[in-house]
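Each residue of the sequence shown is one higher than the one before, counting from 112 in the numbering used here.
Careful, some of the hints might be misleading.
Unchecked claim - Derived CB-CB ranges, DEER-like: (1) Lys135 - Lys181: 12 to 22 Å; (2) Tyr171 - Gly147: 18 to 28 Å; (3) Lys133 - Arg159: 31 to 41 Å; (4) Thr179 - Asn134: 34 to 44 Å; (5) Gly172 - Ile151: 37 to 47 Å; (6) His155 - Lys133: 39 to 49 Å.
These aren't lab readings, by the way, just hints derived from the structure by calculation. We put the beta carbon where it would ideally sit given N, CA and C, even for glycine.
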Amino acid sequence: HNQPIIDQPLTLQFPSKHHTDKNKPQFTLKTLRYTGTATITDPHAYRRAITTGIGRGLPYGAGLLLTTTKH
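Please put together the full structure from these sequences, using the hints given.
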């Protein structure tokens, strides 16, 4: 598998999301935010990740990717 190459600078943030539901126990979902520059080496994997998201936190609103082109 070709992985995207992340160039510097890279910023990592660890926000937490707290989920509550009257009928279920409360839990905290730890998330990670990457900020940086990537070189796409596998366009098909990139397209799949953009359209479906990544990771196990998708049901809780995590794992979605926001990208932009370099100008």
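Here is how each hint holds up against the structure:
1. At roughly 42 Å, the beta-carbon separation of Lys135 and Lys181 lies outside the given 12 to 22 Å, and the hint is violated.
2. The hinted window of 18 to 28 Å between Tyr171 and Gly147 holds, with their beta carbons roughly 24 Å apart.
3. Take Lys133 and Arg159: their Cβ atoms lie about 36 Å apart, and the range 31 to 41 Å holds.
4. Against the hinted window of 34 to 44 Å, the Cβ-Cβ separation of Thr179 and Asn134 comes to about 39 Å, which satisfies the hint.
5. In this structure the hint that Gly172 and Ile151 lie 37 to 47 Å apart at CB is violated, the actual value being about 24 Å.
6. Take His155 and Lys133: their Cβ atoms lie about 42 Å apart, and the range 39 to 49 Å holds.
In this structure, the earlier hints numbered 1, 5 are contradicted, and the remaining ones agree with it.
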